[in-house]
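Protein chains in written order, with the UniProt record's numbering: chain W, 1 to 274; chain S, 1 to 274; chain X, 1 to 274; chain R, 1 to 274; chain H, 1 to 274; chain E, 1 to 274.
Since the hints were derived computationally from the structure, they do not count as laboratory data. One or more hints might be untrue.
Copies of one chain are not kept apart here, so a pair can be met inside one copy or by any two copies together.
Claimed, not checked - In silico lysine-lysine, DSS-like type, Cα no more than 30 Å apart, as pairs:
#: 1; residue 1: Lys28; residue 2: Lys177
#: 2; residue 1: Lys177; residue 2: Lys273
#: 3; residue 1: Lys273; residue 2: Lys224
#: 4; residue 1: Lys177; residue 2: Lys110
Just so we're clear, the structure is a prediction, and the values are computed from it rather than from any experiment.
Protein chains: 6
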Amino acid sequence: MSQTSGKPFRRLLLTGAAGNLGKQLRAKLAEWADIVRVSDIVPISDAAAHEEAMQVDLAERAAVHALLEGVDALVHLGGVSVEAPFDDILQANILGLYNVYSAAQKQGVKRIVYASSNHAVGFHPVTEVLDIDAPHRPDGMYGISKCFGEDLSRYYFDRFGLETVCLRIGSSFEQPKNPRMMVTYLSYRDFVELVRCSLFTNRVGHAIIYGVSNNPTLWVDNTKAAFLGFRPQDSSAEFAGRFPATAPDPQMDDWTQRFQGGPFVLMGPMEPKA
Amino acid sequence: MSQTSGKPFRRLLLTGAAGNLGKQLRAKLAEWADIVRVSDIVPISDAAAHEEAMQVDLAERAAVHALLEGVDALVHLGGVSVEAPFDDILQANILGLYNVYSAAQKQGVKRIVYASSNHAVGFHPVTEVLDIDAPHRPDGMYGISKCFGEDLSRYYFDRFGLETVCLRIGSSFEQPKNPRMMVTYLSYRDFVELVRCSLFTNRVGHAIIYGVSNNPTLWVDNTKAAFLGFRPQDSSAEFAGRFPATAPDPQMDDWTQRFQGGPFVLMGPMEPKA
Amino acid sequence: MSQTSGKPFRRLLLTGAAGNLGKQLRAKLAEWADIVRVSDIVPISDAAAHEEAMQVDLAERAAVHALLEGVDALVHLGGVSVEAPFDDILQANILGLYNVYSAAQKQGVKRIVYASSNHAVGFHPVTEVLDIDAPHRPDGMYGISKCFGEDLSRYYFDRFGLETVCLRIGSSFEQPKNPRMMVTYLSYRDFVELVRCSLFTNRVGHAIIYGVSNNPTLWVDNTKAAFLGFRPQDSSAEFAGRFPATAPDPQMDDWTQRFQGGPFVLMGPMEPKA
Amino acid sequence: MSQTSGKPFRRLLLTGAAGNLGKQLRAKLAEWADIVRVSDIVPISDAAAHEEAMQVDLAERAAVHALLEGVDALVHLGGVSVEAPFDDILQANILGLYNVYSAAQKQGVKRIVYASSNHAVGFHPVTEVLDIDAPHRPDGMYGISKCFGEDLSRYYFDRFGLETVCLRIGSSFEQPKNPRMMVTYLSYRDFVELVRCSLFTNRVGHAIIYGVSNNPTLWVDNTKAAFLGFRPQDSSAEFAGRFPATAPDPQMDDWTQRFQGGPFVLMGPMEPKA
Amino acid sequence: MSQTSGKPFRRLLLTGAAGNLGKQLRAKLAEWADIVRVSDIVPISDAAAHEEAMQVDLAERAAVHALLEGVDALVHLGGVSVEAPFDDILQANILGLYNVYSAAQKQGVKRIVYASSNHAVGFHPVTEVLDIDAPHRPDGMYGISKCFGEDLSRYYFDRFGLETVCLRIGSSFEQPKNPRMMVTYLSYRDFVELVRCSLFTNRVGHAIIYGVSNNPTLWVDNTKAAFLGFRPQDSSAEFAGRFPATAPDPQMDDWTQRFQGGPFVLMGPMEPKA
Amino acid sequence: MSQTSGKPFRRLLLTGAAGNLGKQLRAKLAEWADIVRVSDIVPISDAAAHEEAMQVDLAERAAVHALLEGVDALVHLGGVSVEAPFDDILQANILGLYNVYSAAQKQGVKRIVYASSNHAVGFHPVTEVLDIDAPHRPDGMYGISKCFGEDLSRYYFDRFGLETVCLRIGSSFEQPKNPRMMVTYLSYRDFVELVRCSLFTNRVGHAIIYGVSNNPTLWVDNTKAAFLGFRPQDSSAEFAGRFPATAPDPQMDDWTQRFQGGPFVLMGPMEPKA
C-alpha cells in the first residue's frame, strides 16, 4: 500500500454514505484516504473532489463487485437499518452482505468495519450487562440480519483472513430522543472515533464492540474489546435534564421496557409491502 | 390436542422426508401421530395410508403456509444439507426457513425440531471440546445458514414462545466413512432417539444439542442439554477396525484435519451453477 | 474416636428418624456406628438395642444441646420437609437449624450431613442443567429455609471447620409418582449410598451435591462433586412405562411445568394455620 | 401512580429512619415523594410536615402490614445492623424481613431497596475481587441474615415480580475509621446516590450491587450492575494521610486482616443477652 | 513416514524405559513401531531385537541430541519422578527437558507424550474437582518441574508446531497402596491406553489430560480432553475392601489429607545430598 | 518489626539495582526503609549512606543466603531481563530464583515483589484482552523462566505463607519506542507506584498484576487485582503523535504483529554463546 500523499489509505469505501451516520463520516474519511468512494442506494450528488460517488443496490452482485474494486478497506453502513419486512432485509442485508464479502475477498480488501447493531442482542433483559461474548438474541428481522452478518464475517476471517470489526451501534443521533436512548446513546464524535479505532488498530481479527458513549447507565461492557483502543469521550449525562425522573413503570409486561431492544422487540416480523 | 387414537400427536410434519435421514424417521413417526405429513422438494410416491405427501419448494411462501396448516409439531430436515452455492442456500435455507417459521407461528405450531449441523461450529479446532454454548464458527455457506436458523428460531421462541430444538447433527450414515466420522458418527438409531427426545420432552424452550453417538473420541459435550434426556446407545467403536491406526499426519497446514468441519472448511463459497 | 467394636463411628445421630427417609437409614446406620441416636418431634417407640431414641422439638435449644452430646456425626433430616406457613418453617428449619449447628459446634461434632433440597434452586427453569454452583433460586418458604441452611452451614465451616455435606434431595420415594419425578427421582438405595459417601469421604469441607439417581433426563450435574464418590446405581428408566408419552403441554404459562420446583413454585407463602 | 405534585412518588417508606444512614436519606426523599413515611423501632419525634412517623417493631406482623399500606416503594434500612445474638437477628432480620415482604406483596408495593451488607460475603479473602455473582460467604449471624434477605427477595421477585435492589453496603460513615474502611468506605453522598439509582432505574429485577465509593483499593467489582447507573463520586483517597503506611502485618493467622469481613469474622455467634 | 512393515511408526523413543511405567510400555510399543529406542540413565541390558538401547543422562546435551536422531515420536518418562533436592530436579527435569525439546525440534520430531504429574496441581484441596484448565498449584520441586515442562512444551507447540500431550499421571501401580490412591489410581492397562490415545489421535495440539482410571471418587475431570478418546476401563473399586471405611480424620491441619498432592505437599524443598 | 525511625520497613532489599528499573526505585525505597540493600551482578559504586551495596551472582547459593539476611521484604528485579540462551536463563532466572526463594524462606522474609513479565503470556494474540488468570503462553526462554517464577512463588506461598506479587511488567522506559509499546508502556512513575502498592497492601497472598499505564489501547485487564490498589496515572496517549497512523499491515503471517510478545516471539531459543 504505497501512500504517496502521506495519507494512510489510498482508497476507502463508505457504503450507506447518504444516511445519517454516513454523513458524519465523510469529512473524516478525507483525512485518512486519498480517495473516498461513497455509495448508497440513492444518488449522491454532492461528491467532493476526493470522492467517487456510486449508486449501488447491494443486492446486485456485479455492481457490488465493481464497487469493491481497488478498495483498501471498507466502512459498511449500507443496507436496511431499521426493522422491515423480511424480504427487504433479505435483499439488502443478507444477499447484499454476501455480495459485499464475496467481492471484498475477491478484490483483496483487507478489512471491513461493519455496522452491526445492539438489536443482534436486543432480547436480553435490561437488567443484564452484556459483554462482547454475549450470545445472540436478535429482536426482529433486522437483528437477525445483523447476527447473520457477524457470522458471515467470522467465516470470512477464519477462512480468508479478511478482518472485520462488528460495531454493535446503539442510538447514534444528535442527542437522546427518549429515556432508553440515555443508555444506548452514541455521540457522533464517539461514533467517528470508534470507526477510527476500527480502521487503524494494527490487527483486529474478527472483533465485536458495542458502540455506546460513556453514559451513566450501561447495558454493555467493552472490557474484552480494549485492544481496539476505543475510549468514548461523550456521555448522555449531558442531557440528563431532558427526561425528568419518574417512578418506575409498574407494568411488568411491557416488553419494550423489559428488553434492551426497546420498541424493536414488538415490531417484527412485518408484513411485506403490498 | 385431542388424541382419540391414543397417539400423542394428531399431525406431525416431516420436511426433507425423501432424504437420507427423513427415511429413517417415517416409520417411527407413525407411532407418534395419527397423521404424518411428509414433504420434500422431490415428489414422494410411496406415501402410506397414514401419510399425507406434499411436494413443496420451501422458497415458495404460499406453499409453505399451506404445508404448515393443521400441524402440531414439525421435524424440519428440509433444505440444502451440504455445502452449495450461496444462492441455493439463500433460497432453501434462509428464505425457506423464514417461510417455515413465519407459517408455523401463524398456524400455531408449538414446536419445531430443526436440523442444524456441526458445520455451524466447524471452524473450531479438533483439539477443543465444544459445549452447547460454544460460539458460532461456521465453516461455509451451509454452516452460515445453520447459524441463521439457530438465531431465527431463537427469535421465534423469545418473541412468540414457539419452541425449537436445534440438532447439531454430525455424520449420520449407516456407518462411518472415514476416520473423521469415527468422531462425528450418529447412528440411525440414536438419530431417531434424539428426535424422540426433542419431540416429547415437556418443555424445551430454545435448545441446542449435538447429534453424536457415544463415540470413543468426542469433540462435543452435551452435559448442558441433559434436560432433553438424550442417551445415545451406539458408538463408532463398533467400527474401530475399519480405519487402521496410522501415525498422525505431520502436515500442520491441512485445515481439513485441523478443524472440526473437516473437508467442508475448504469448500466454500462455491461458484453459482451456470 | 476409639472404635473398640470395629465400627467406624462410636455414636451417630439421625434426626427426623421417624420420617420417610429416616426409616430408610436406620438399619444402615447400625452397620456404621456402635450407637445410633434417633430423634424426631414425634415419639419413636421401636428403638432397637443399639439405638437411643429421643423426642426433641428442634426449636427448643436446651433439648437440642442435649441431643448433640457425645455425637461424632449427624445426619440431619429433621424439620419441616414440605412447603408450610412461614412461622412453622421459622421454628423448625431456621431457629431449629441454628440450634443444631450451635450445639454441634459446642459439642465438637465433626460433620453434619444436611438434607437440603432441590427447592433451594427450584425457580430455575426446566430447560437448564444446574451444577452445584448454581445460584440460589428458592421456590417457596421451604426452599428459602434450605438456602438459609446452606449459608449457615457454610459459616460454621468457614469459622469453625465444622464440615457439612448439603444434599439437594430430589424426589426420594419408592418410585416416581408423576412425570416430573422421572427427572428428580432418587431411589432409596441411592439415597443411602449418598449418605454413606457423605459420612465416609475423608474431607468434604462444605459441599453441595444433588440427590438424584441416574435418570435418563436430568436437570442437575454433579461433576464438581465427584470428590464425594457418589455413583448412583438406579434410574427412573425402570419406570418408563408408567407415564405414557404425550405431546408437550402447550400452556406456556403453567409455571409448575416451567420451573424445576414443580408444584412448589405456586404454593407459598401459605397462610398461618388458624 | 398519579403525581399531582410533580414528584415522582406519592409515598415512599423509609425504615430504620432513626439510624445513621436513615438520617442521610430523609431530606433527599422529600424531593422524590409527596409523603415520606419514616419508621423505626425507636420513636421519631422530629417528623417534618411531609413525613409520617411510625414506631414499629418489625417482628410484629400486623404493625408491619399497617406500615406498608399505601406505599409505592420502600427503602428498608430497618433491623439489626451489626453482629448480634442470633435470637435478636431472628426477630428483626428474619421474621421482620418476612413480615416486610409479605406485607409489601399484599399491598402491591412495586420495589424495595434493601440494605444488605458486605458481611453476606465477608468470609471471602481480601486478596480476591468479588463481582455481584460471588457466592455467599457470610461472616456471622448478621451476614447470614443478609443472605436470607437476598434469597427471600429473590423469591418475591421470581414469584410475584416484586423488584428489589440489594445494596451490599460497606462502611458508610462520615469518614473511614481504620485502614480496612479505606477499602470499604461509602461516602454519605454516594450512599444517597446509590439509593437514587435503585429507586429510579426503570427496571431492576432482582439486583445486587456493592455500596462502595471509588476508593483506590477495592475488593468488589460492580461491572455487572452497570444497568443501575451508579457512578460513585467520592473516594477514600481524600483520607489517605489518616492511616500512615506501615509494613504489612506478618501475622498470617489474623483472620480480621485476612477476610473481607474484618472484625466481624470473629464476633459470632454471640451469646444471647441474659 | 513410509511404513514398509505396516506398523504406524518407523521409530519410537521411550525415555525412562527402565522405570516402573517404562516397563509397562515396552511390549506395547513394539506393536506400534518397527524400532523402539529405549533409553534410561541406568543401563538397559535386556533389549529385544526391535529395540535400540541407549544409556543417556538427560542433562548431557550432545547425548540427548544423538538420542533424538531419527525418531518419529517420543514417550518421555525420563527424569526424576519423585520429590528430590532442587539441584537434582534442575539437572534432570529442567535442563534435561530443555535438551529433549530443543533436540526434538531440531530433529523434526512431530509429537511428544510427556509424563507430567498431578503434583503440578497438588496444592489444590481434595474438595475440588479440577478440569484440565485448573491453574498450576505445584506441591514441591518435582511438581514445579512438571509445571515447567507444561509451559516449555506449550512454547514449542506455539512456536514450532511440535505437539505434546501432557499426562498428569496419578498413582500408576499394580494396585492402590493407601486410601489416597483409591482416588488417584491409574491401572497399568489404562496407562498404556492413555499413551496409545496420545500417540494416535490425529491432532492433539498442546493437550493436558489427567491419568486416572474410572475410580469411584475423582478429583479431576477430563471432559475437555474428550478429543483424545481416552476411556479408562479399570477402576479402584476393585480394591474397595483393601482400606476399610473409617470415620473421617478430625485433624483439620493435616495437610497431607487436605490437599490433592498428599504426602508430597510436606516433602519439599529437600536439602541437597551431601 | 520495630521501626524506630518511623519508616515502615527496617531493611528492604533491591536486586537488579544497577539496571534500568532498579535505578528508578532506589530513591523511593529510601523513603520506605531505614536501610536499603542494593545488589546486582555488576558492582554498585554509588551507594548512598542508607544503602548497603552487595555484588552477587544469583546462581551462587551461599552468596544469596547472605544477601537475604536481615531483610524484611524484597523487590526482585535481578536476573536476565531479555531473551537469552537457555543456559544463561537457567543460571540467573531458574537456579537464581530458587536460591532467592529458599533463602528468603529460611530468613523469614515476609514478602517478595517479583518482576515477572508480559512475556509469560506473550503468545496470546493481540486481539485478546487477558485478565490475571489468563493461562501461561510464554514466548521464549525468558518468558518460560517467568512462568517458572510465578509457579515457584505460588508454591512458596501455599507451603510457607511467603507472599509474592508478580508484576507482569510491559515496556517500562522513558517513553514508548515503537507502536507496540504504545500498548505495553509503563511509565517510570507508574512502575514505582506499582511497587509501592505491592509492598504496602496489607495482605497480597500470591498475586499477579499487569504493569501497564492507563494507555488508550490495552491487551490486559487488572480488574481482578483491584485489591492491590494500583491506579496508573500516566498514559501513552501523551506520545500519540510519535507514531503516525498507518493503514494496518496486511502481512497476516508477521507473528511479531500478531502476538502480544512482539519481537520476542521469534527470538528463541538462542544458541549458547561460544
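Hint by hint, here is what the structure shows:
no. : hint            : verdict
1   : Lys28 - Lys177  : both (25 Å within a copy, 28 Å between copies)
2   : Lys177 - Lys273 : within (28 Å within a copy, 49 Å between copies)
3   : Lys273 - Lys224 : neither (41 Å within a copy, 42 Å between copies)
4   : Lys177 - Lys110 : between (37 Å within a copy, 27 Å between copies)
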